[in-house]
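Undergrad: Which chain is which? The protein sequence lines are W and Z, in order.
19 is the number of the first residue of the first sequence in our numbering; add one for each residue after it.
27 is the number of the first residue of the second sequence in our numbering; add one for each residue after it.
One should not assume that every hint holds.
Which bits of chain W does chain Z cover? Going by a derived footprint, with three or more residues having C-beta under 8 Å, they are [what the hints assert, rightly or not]:
id, region
1, 41-50
2, 108-119
3, 335-341
Think of the hints as simulated: they come from the structure by calculation, not from any bench.
Cβ atoms here follow ideal geometry from the backbone N, Cα and C, with glycine treated the same way.
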Amino acid sequence: MTARGAALVARQEIRTRLRTGRWRVLLAVWFAVVNGLALLFRLALEADSTSRYGSPGVPMFGGVLLAVLVLTLLITPALSAQSINGDRERGTLATLQVTPLAPGDIAFGKLAASWGTGLVVLLLTVPSLLWPVAEGAIGPMRAVAVLLVTALLIGVVCAVSQGWSALLARSITSVLLSYLTVFALIVGTPLLFTIAVPITSEQGVDGYDNDRTDRIWWLLAPNPVVILADAAPSLPKRRIIIDEGAGSGGHRVDYYEAPPNDPLGSISRGVRRLRLDDGHYRPSYAERSDGPPVWPFGLAFDLVLGAGAVWVSASRLRTPLYRVPKGVRIA
Amino acid sequence: MGAPEGLGIEARGVSRRFGPVQALRGLDLTVPYGQVTALVGPNGAGKTTLLLILATLLRPGEGRVRVAGHDVRADPGAARRALGWMPDTFGVYDQLTVQEYLEFFADAYGLAKEARARRIRALLTLVHLDEQPGQPVHALSRGQKQRLGVARALVHRPRVLLLDEPASGLDPRSRVELRDLLRSLAADGVAVLVSSHILSELEEIADRVVLVDHGRTVGEHAMADLAEAAVARVRWRIRSLDRERLAEALTMAIDDLPGLDPGLGPVRELPGGAEVGPLTETEAAGLLAALVTRGVPVTGLAPAGSALESAYLAMTETRR
Ligand SMILES: Nc1ncnc2c1ncn2[C@@H]1O[C@H](COP(=O)(O)OP(=O)(O)OP(=O)(O)O)[C@@H](O)[C@H]1O
Ligand SMILES: [Mg+2]
């Protein structure tokens, strides 16, 4: 396998798939819809943000980012779920396989093309993500980190979709399974988690059920939303001092509070707290501490999944082929 | 360029099954350099399967296959660099021009930039597509696409060329040109293996013919030998101005012909004549003389079909 070979395949793929004018129109529509919705969202926040402290840039960033993540992950299977079996159906794969191009060249080239397209899709949403950064509501490091993680997650979905297209003979089936995979990651993981909570809960000494989420938090880890929210560097906390009555019966509270309407932060705190076994004891808001991070596990799992899928597609492209998929003629 | 040592293709005892279907059962094949070898057999005989194995796309179940001296299982990469393959059906990419299509494959084979431009120009001239280098490939006609496929297979100057029914969809002129192209490649020392159902044409292209049926080699002949052997006994077509007189005379001519042991064989009436045989050339000459003496207005006597066709029909006769 060589970088030259992979680049050649990637260029060819982009040229043949994306040269049609249709793609330009689709991307233009995407740009207008995402940024338009973000603008409306912002206007809604402005109208609402009378009582809350902080800039509307924080919820805007989080909300737009999560929406962009879910939407791009839903688009991504369309980019690569037919890249191998579709070529076989069109009769262009075998002529590629008889050239000295290695299976890895073909697999990585195709992945680079679809991932690159996915990144262009992501790039088009950047204006509405950069707005809160330009305002100073969000630090540039946070923006860079989340864009990087989103880019990686798009790559994982590209790789998995391509893996399905290498494994399955029919492109309709591979598209379906790619969407199911994305669905399983986004919706399936919280579903499994919810089911697992009562199953793993223990009877506490006081007779109440004691949820042991510290044993099953990892079920949520592969979820792209969780990974993204948890990987985003948390916003600085604000110190809250409440001092009621200066006299002897005075009551004083002093704690740090995270910005209240930061969607990324609240998801992150929520999943991190799942890792703690705080038993039946419900600490007061001020005393709550965050658990250890969840995202490294989730991201590692997803990256391993993606790498495995690339390996599967490369090995499925290896010739001479011994096992021919049922109902497939190579040429 | 002379013919290199050894054989272009050497296949021994190749077998291959697809689930319950045994596509190849111990097929043998040799293709020498500098010659055109024809692969002939009925539908489903396993020709395409064999060519896929030779093209290093499909692994043989058993048997040993060497292409340009490289074992296809042990060293498919080396075999791939030496062979050019054109499948019977293939797709072309959308949105590419003829020029770009060939450039891509030239790059895939690692041709240098300036050699690439020269090679592509030469290939386009060779397959007569030099007037449409800027035309999108998906808009080409079937025959043009077929010719583009030939150009693609030749882009890296392969020493072994595998063509699966290359003539289908070609107009008569393109066929003649394909024939000349294959002959000139063979003259340059390339080992050419071509499968086709158009027997009359193969007779002019091929030096050798390999007959396959049910996944087995049933005959491997030099075309010259085949022609000689077939001359021994073929069917003959007689054309006459008067069909009735001819038919009448044919029924009686048998008695007059000495040494015509099996008789005239089945006599088949044709528009404007009849078909008889198989007969040797001597017998046919005797028959013609007998017909003429009886006053039948004979306008033509010629072997029906070709030597290859006779051999092919004899081979497939067992099927019925
Ligand atoms: N991928 C496959 N799966 C199952 N059976 C196959 C496959 N490829 C070929 N076969 C079977 O193997 C046999 C040989 O097929 P092959 O295509 O090699 O025939 P062929 O000689 O090229 O025929 P034709 O003259 O029609 O092109 C056929 O019976 C075919 O059904
Ligand atoms: Mg065939």
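Undergrad: Examine the region 335-341 of chain W: at least three residues should have C-beta closer than 8 Å to a C-beta of chain Z.
TA: The restraint on the region 335-341 of chain W holds, since 4 of its residues have a Cβ under 8 Å from chain Z and three suffice.
Undergrad: Count residues of the region 41-50 of chain W with a Cβ under 8 Å from any Cβ of chain Z, then say if the count reaches three.
TA: violated (count 0)
Undergrad: For the region 108-119 of chain W, count the residues whose Cβ lies under 8 Å from any Cβ of chain Z; is that count three or more?
TA: Coverage by chain Z holds for the region 108-119 of chain W (11 residues, Cβ < 8 Å).
Violated hint: 1 only; the structure is consistent with all others.
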